[in-house]
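Engineer: Fit chains B, C and D to the known structure of chain A by using the hints.
As you go down the protein sequences, you meet chains A, B, C and D in turn. Residue numbers 1 to 367, in the working numbering, belong to the letters of the first sequence in order. Residue numbers 1 to 367, in the working numbering, belong to the letters of the second sequence in order. Residue numbers 1 to 367, in the working numbering, belong to the letters of the third sequence in order. Residue numbers 1 to 367, in the working numbering, belong to the letters of the fourth sequence in order.
All copies of an identical chain are treated as equivalent in the list; a pair is satisfied when it fits inside any one copy or across any two copies.
Straight-line C-alpha distance at most 27 angstroms; calculated DSSO-like pairs for lysine-lysine:
| no. | residue 1 | residue 2 |
| --- | --- | --- |
| 1 | K314 | K365 |
| 2 | K324 | K310 |
| 3 | K54 | K155 |
| 4 | K365 | K324 |
Derived by calculation from the structure, the hints in this document are not laboratory data.
Number of protein chains: 4
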Amino acid sequence: MSLNTFGHLFRVTTWGESHGPALGCTVDGCPPGVPVTAEELQHWLDKRKPGQNKYTTQRREADEVEILSGVFEGVTTGTPVQLMIRNTDQRSKDYGDIAEKFRPGHADITYWQKYGIRDYRGGGRSSARETAARVAAGGLARNALARLVPGLSIKGFMVSMGERAADPARYDMAEIDRNPFWTPDARAAADWAGYLDDLRKSGNSVGAVIEVVATGAPAGLGAPVYGKLDTDLAAAMMSINAVKGVEIGDGFAAARLTGEQNADEIAMSQGGPVYSSNHAGGILGGISTGQDIVVRFAVKPTSSILKPRKTITKSGEETEIITKGRHDPCVGIRAVPVGEAMMACVLLDHILLHRGQVGEGLPGKIG
Amino acid sequence: MSLNTFGHLFRVTTWGESHGPALGCTVDGCPPGVPVTAEELQHWLDKRKPGQNKYTTQRREADEVEILSGVFEGVTTGTPVQLMIRNTDQRSKDYGDIAEKFRPGHADITYWQKYGIRDYRGGGRSSARETAARVAAGGLARNALARLVPGLSIKGFMVSMGERAADPARYDMAEIDRNPFWTPDARAAADWAGYLDDLRKSGNSVGAVIEVVATGAPAGLGAPVYGKLDTDLAAAMMSINAVKGVEIGDGFAAARLTGEQNADEIAMSQGGPVYSSNHAGGILGGISTGQDIVVRFAVKPTSSILKPRKTITKSGEETEIITKGRHDPCVGIRAVPVGEAMMACVLLDHILLHRGQVGEGLPGKIG
Amino acid sequence: MSLNTFGHLFRVTTWGESHGPALGCTVDGCPPGVPVTAEELQHWLDKRKPGQNKYTTQRREADEVEILSGVFEGVTTGTPVQLMIRNTDQRSKDYGDIAEKFRPGHADITYWQKYGIRDYRGGGRSSARETAARVAAGGLARNALARLVPGLSIKGFMVSMGERAADPARYDMAEIDRNPFWTPDARAAADWAGYLDDLRKSGNSVGAVIEVVATGAPAGLGAPVYGKLDTDLAAAMMSINAVKGVEIGDGFAAARLTGEQNADEIAMSQGGPVYSSNHAGGILGGISTGQDIVVRFAVKPTSSILKPRKTITKSGEETEIITKGRHDPCVGIRAVPVGEAMMACVLLDHILLHRGQVGEGLPGKIG
Amino acid sequence: MSLNTFGHLFRVTTWGESHGPALGCTVDGCPPGVPVTAEELQHWLDKRKPGQNKYTTQRREADEVEILSGVFEGVTTGTPVQLMIRNTDQRSKDYGDIAEKFRPGHADITYWQKYGIRDYRGGGRSSARETAARVAAGGLARNALARLVPGLSIKGFMVSMGERAADPARYDMAEIDRNPFWTPDARAAADWAGYLDDLRKSGNSVGAVIEVVATGAPAGLGAPVYGKLDTDLAAAMMSINAVKGVEIGDGFAAARLTGEQNADEIAMSQGGPVYSSNHAGGILGGISTGQDIVVRFAVKPTSSILKPRKTITKSGEETEIITKGRHDPCVGIRAVPVGEAMMACVLLDHILLHRGQVGEGLPGKIG
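Okay, chain A solo, but in the shape it has when bound (with noise of 0.2 angstroms):
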């Protein structure tokens, strides 16, 4: 990974701000034959986009992709596949404050300090915007994904918002596209509504927890030692605006445990290796187990709020702020689609890596 690329051999670009003309990304490295168009790209964009119920900003976008490069006749050449989005809301006179104030806890005053020059408009290229376009490119690796890994699955969905925690007891994987908070817990989706109403009518804004898991993934995946599944995982995880922790499986709560604990004990079935359990999310040694692979990412709660705050402007004088204008009250709900988009992206890449480095299959068989 480095600076606007990452992946090993399936490689994303992303380029663009909050409120220049398009954003988009580049991706290189995409297998030759996979079919794609935009209408479905735009399905996973549309999960994404902004505007759609009230938790969310009302900052209308379209965010109508278009595929520029890389397909011909419907399928992917094995070239470098362009896909961009125009941006067409940018209200840009709502940011004016923004311009000489820094925002506490914002990327503001860092950009700012680093390079002297900065796209204050909607927080430019440090806006969550920049997720829509690994959204995009999250949906061409799905296509690729279905194509060399039948029946892989991938899912994410949000575990706690604030202080309140869904119950897995209640989960229902059904039951995630129906809520605004891809949540599984119907009750915990009802209790969030409220309390998030409430947040937003206040003007305050709020963190949540996201897992990601995806089922059916070979066995094998990962390169280690620094190629690992899960240090690729943590670090896309961690490249999505606001989020603060990654874990994979039991994360911190393994950090508790005994080794006699935590120790997912084996057994042999008919297909292969099975597990008593998953501590491990799915990944021992940075290779993937083939269970599920669970990674779980910390949201921090957004830093455009009207709430005022303490802070100073480019000239140094200390005042106060409040940013006004269409923010979400809690940007971890939009990161669901976005933290399914890296999980597809990685997979996709160390799908074709361990391709590339020992060749179709596993070359260690078990029994």
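Structural biologist: Frame of chain A; chains B, C and D shown alone:
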């Protein structure tokens, strides 16, 4: 980061197995003119060295580092620095059982499946012994940092062992080097001593959480959006053996806050911006703020334990395994200097990267 | 360099096909604060643009470049710069025959074999049209160089067409922009005009040799041993369509010299070392000396000709092919601005790389 | 390719100086399961080894290679392979003069200027001794190729020494290993023997041109547009010490041809496409055709000669230098096995890359 190399400009490639003739690292991109001796590097290796007390593996390794290239007349030349450590205590007979059986929770099975060949002696490449090379590279990075950023200091310490957490209210940084657990909480150290002794005697192991703090790092480090400072720190820490989670600043706790609570308010001092708090862990939008850079990572308990666990053999037969030999009851202890080394490497890398892409200093003045 | 990206820190990823909706490049790593306008980039694109005289393809393309990201208020922000060029003249009917038959000497057959799918319209990704994106990136690199190395100039010119070589004794650099062949030898230009006209009318094509010279580049550029300045220049030039050979300085002629003849003797002037000659082309051990950097590359004749050639179809039948449509009788002409662009990109990249790894200026003083 | 590493998936990082304790390479990405012994690698190193006859430097080096990692029970494990060669004959007193004076035509001056510190003993990192590590890596690549592409062979040979060219009409490939110049033209070998002897006695040196041919390489290798097979070969060869030019197929001669002459016409055989000629050197559009892959490179004469040349000292005084010590009168001779090694590494790398990005075999069938 890719495969066995990490870093963008300060690139460290580690090589070697637990029971091969040697292990080490090739460091490419160290700036020229950095004074360094083998003795200085040895200081850091000694900190990680096994067999120093009853809480770490009793394997006896001198862990003597040799500088084979890239240093002339006591300073680096700008060419690759090869650091080699001979393995001396290779009692491979201890590992006979592991050649056929897979330890639950260990990389044994995934390495076998992925590669079809595996150096089972001591875990081969998946052994935490690989981290000795990281510590050597980290020592070199520290010397380079000392020239480039006088006053920068990096300190790692243990913040919890199993369920037992140290108490920040009791932290005394001078205490860290006085106890075998590298914890700043003397009372926790006393408590953990008995706790771990019991675990060790019962043949069990336990997880831990490590924190690494860099003080005095300049603002402006980090290359959004996929070479963010926190992205690279997350990857660096997650790549360490047994790590299952990484947090920056408040990490998962930030997900429980509101935007009002999480904002680190900004005021102006003579030296530039100052912050009322450091929820962000010194990183905003992937770029350092100049505050302390705070990373925490969770280490799972080692899977090499004397407690019998159900598993299978390479030929697919179900069986039980207990792992004799010399193992760390809490690998988190020796992960402390490793975490420090990774922090040093990442910071140096980003200092070089910033200098290359932007130049010396920060173009964006405040005040 | 890898796949569709070149450069270490100044990284250019090109995308797009000859007859797709658009092509362009994503430039990652351009330093912040570089003034740039679309008009300035257009200047260089116009130089490469087809259809300017009877010696280049009659395809009509405005080759208008749009800056979609990374530039704010007229200067670069340090974030990715997206440069897009819409394709407008896409007469794909001209290419019907090529969908089934392979042009001898063309990438038609290898793209088909490698990928199993191929955008045959105008050569798709293998078309020299891809180089428009390089020229755009080169224009941006020139603006950055103008700030970082005032006085640096880059000039490309044609030194031979087919068997007919220009004569260095007649070189007048002011002449280059006055003839359609970008040659400094006015007499050669006159000679080539008739020669190429005859070739064009007969439906044939011819090769050429291009030289690119950078004057005023600082000493110290180049990262031995695999990021040498000449290594990267060789890769950059060889990656241009139809290029079959690259030389630095005396190149192949140096292989005919003795060590005594080839040594560029060194004397001392007020400004530093001065050399009696420049057999080395300004590069020793992969690092620039401060002299002119001299690169030459050989461009083969285009394979799209009206002369019938024996070939096969996708279904394996033997047949003949003549390539109608609009083609360059000497693609070497339009390779001149492309070679300049690659030189600009490589030099900027190495200036950033040197700054990152070593710092500003040269630590090794002489005198 | 970057800095001291080359390759995309088969990545070779070389390290070490001429007169340090050792040199070697870290090979990351070698597929698992490749049988290899130190003896097999030694075979290739012996071919490059100095002091074998009066035409190469009289430095005595055993050049014994040790495998320190990545190989277990005689086969590669998929983890990094460390290959180390101890330097034994380090008569550094021979080089005293060079510590202060710069050899004209040598990297002495540029290394000094760039880094401000330089291991002047034997040229340090700029010494051709670095290529021993490449030859070791090339030997490993050959073993991997033998498994992946049975029947592939790589052969390098000298085609001219100074002004004196071998005659292709007299080529007998069996002759190559019978003369000290690795030339297939026995008459040229006899001629060069006397010629080089005279040059050697007079303290002079001379350049050479080397050709490397790979027979039996599959079609489909190469990753357009910046990881083209010819791009990577050009970079690989240009990175070898003293190389000033690289050609693919007809190379510069192709620039003198018309399109009609240069087209390699295609017919159909049972085994697939066959070509009437190979002007292209087996590469079209950066992708291999399945024909012989033909690369030539020009090696300048060494600058370490007994003829006095004008130069300056580090303190800027003008002086003369003659280089005593043990030097190759024609470094081109020992560049032959180095060129072969680079070809092996590049081909293996592209076989892995193709497998990763496209899969096994060629999706585009003909006939």
